[in-house]
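> Residues per chain, in single letters:
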Amino acid sequence: MIMILIAILIWAALFYLNIRLSRSASLPYAGAIVPIIFGIALLVLWEAIVRGLSVPRVLLPPPSSIVATFFTALPILFTDFVQTVVKGALSGYILGCSAAIGAAILVDQYSFLRRGLLPIGNFVAALPIIGLAPILVMWFGFDWESKAAVVVVMVFFPVLVNAVEGLQDTDQMQRDLIRTYGSSYWQALIKLRLPAALPFIFNGLKIASTLALIGAIVAEFFGSPVKGMGFRISTAVGQLNLELVWAEILVVAMVGTGTYGVLSYFEQRLTFWHPSQRERTKP
Amino acid sequence: MNQLLRMTGSAAIDGTPIFSQLDLVLTPHSWTCLLGASGVGKSTVLRLFAGLAEGITFNGSLSKPGCVAMMAQQDLLMPWLSVMDNVLLGASLRGERADKPRARDRLEQVGLADHADKLPAALSGGQRQRVALARTLMEDRAVVLLDEPFSALDALTRAQMQELTAELLAGRTVLLVTHDPNEAARLGQTILIMTPTGLVDIAAPTSPIPRDIHAADVLRAQADLFDHLRRPT
Ligand SMILES: Nc1ncnc2c1ncn2[C@@H]1O[C@H](COP(=O)(O)OP(=O)(O)O)[C@@H](O)[C@H]1O
Ligand SMILES: [Mg+2]
Chain V
1 MIMILIAILI
11 WAALFYLNIR
21 LSRSASLPYA
31 GAIVPIIFGI
41 ALLVLWEAIV
51 RGLSVPRVLL
61 PPPSSIVATF
71 FTALPILFTD
81 FVQTVVKGAL
91 SGYILGCSAA
101 IGAAILVDQY
111 SFLRRGLLPI
121 GNFVAALPII
131 GLAPILVMWF
141 GFDWESKAAV
151 VVVMVFFPVL
161 VNAVEGLQDT
171 DQMQRDLIRT
181 YGSSYWQALI
191 KLRLPAALPF
201 IFNGLKIAST
211 LALIGAIVAE
221 FFGSPVKGMG
231 FRISTAVGQL
241 NLELVWAEIL
251 VVAMVGTGTY
261 GVLSYFEQRL
271 TFWHPSQRER
281 TKP
Chain L
284 MNQLLRMTGS
294 AAIDGTPIFS
304 QLDLVLTPHS
314 WTCLLGASGV
324 GKSTVLRLFA
334 GLAEGITFNG
344 SLSKPGCVAM
354 MAQQDLLMPW
364 LSVMDNVLLG
374 ASLRGERADK
384 PRARDRLEQV
394 GLADHADKLP
404 AALSGGQRQR
414 VALARTLMED
424 RAVVLLDEPF
434 SALDALTRAQ
444 MQELTAELLA
454 GRTVLLVTHD
464 PNEAARLGQT
474 ILIMTPTGLV
484 DIAAPTSPIP
494 RDIHAADVLR
504 AQADLFDHLR
514 RPT
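Quick mapping for you: the protein sequence lines, in order, are chains V and L. Heads up: the first sequence runs through residues 1 to 283, numbered per the working numbering. Heads up: the second sequence runs through residues 284 to 516, numbered per the working numbering.
Worth double-checking, as some hints may not be accurate.
[What the hints assert, rightly or not] With a straight-line cut-off of 27 Å between C-alpha atoms, the simulated DSS-like cross-links for lysine-lysine are: (1) K227(V) x K87(V); (2) K191(V) x K401(L); (3) K191(V) x K383(L); (4) K206(V) x K191(V).
Don't read these hints as lab results, they were simulated from the structure.
Chain V on its own, in the form it takes in the complex (with noise of 0.2 Å):
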């Protein structure tokens, strides 16, 4: 009881600094203190409360047994994150994004594919992950090939989307003003076209990450090699092993987190001048 008397204590403390760092805006990088001081505040919440409470560790392992095992399983946890995030969701996000902007192109040229194209996309994008990986596993094989092509197929479509109406985003008299200089397509299409989709590609790119991730990882249910973190999930669920699961749960966390965060750097370097990105980047 006195554990989470001391815990609530804490909690209140680092709030009440948090509100007066929030309110203080003299003070420097307030903006990364501020939800480091929550975090911690939440996990010394959860370590007090587990631990007062004696949580049975199968519900909720406390948080300091969590990074405890992240560290002992450190080398289990780097061959996981090699199979399914690099060999699977990786390469399966490059080659379904690179095929989507490609297809992309062909699409906003060629509106017969448009009319034949983005239906069956539709359909496919309507196709549950659950029926879909049991069938790519069965053609692809047990290991990462098989992730890779639930990649391609999850990613493909919204990055598709998202760049054809990049591409249309460009106005008709824009258009014409670039033809009476006398340029080629391709020209057109490099200088002016693609840069002008490019704050829609990045949409489509964002939300195709996360649903690499969750590809991969949720394919490994259906057949895969020893290893992998969908694989690990699901045998130290059964091993109640619930430290590594959540061990893997904390890799994906970071990996989630460092993946936008790259994406955005790229994005803010790219489309500085879109009104989305001035608005953010304005003091």
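Please arrange chain L with the ligands on chain V, whose structure you already have, making use of the hints.
Same frame as chain V, now just chain L with the ligands:
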């Protein structure tokens, strides 16, 4: 470019007739102003002259002016390019070497030499339109088509832009589409009103352009144009 530019015929979009029996002649090296109710087909005429016939069915004869420069109501600047790179856009799109000194001269002419490295978003509407003018000048074409280029500007900026444009485009064949009788009276050496039944030629002042806003012949022509535009056809 001493050959007469002439368009005779009719045009339709998606089977809907836009104009018919039109006979439009552009006098070389002078300004022709085209007025008319909105939707009567002025921009369509302009696009046909520019060779942008996509989607327009044209029946008749049209002496192709070859390469033209165009400027519209919106500045159509690329938001990710600096002012300088926007002026150089044409060369860049054709894959030609960028002639920076000349682009700097053009920016100097429109009074924006100090803004060369800024993004369009950092400029006012009038300044952006001046960049568009510099870009048009950079193309250095004998025929220049202007589609209501000043109509989004405030009155003062508009008067300045009219004078600057007239000065910088002197000697070229210009077709200016406008809905402003005052603008036509100040800049037009030929003034035409486009109606569904054809073109009406209005006597333009004979003094050199840009004419003073208060000049008697400008005010007379302006009043004359107002009467014609308001007359039901
Ligand atoms: N892409 C298009 N599709 C169908 N109709 C069009 C298109 N563009 C213009 N029009 C029609 O053509 C007519 C003339 O248009 P426009 O030349 O832009 O007129 P103005 O410039 O005189 O206002 C209008 O009635 C307009 O509705
Ligand atoms: Mg128009």
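> Of the numbered hints stated earlier in the document, which are not met by this structure?
Checked against the structure, no hint fails, so every one of them is satisfied.
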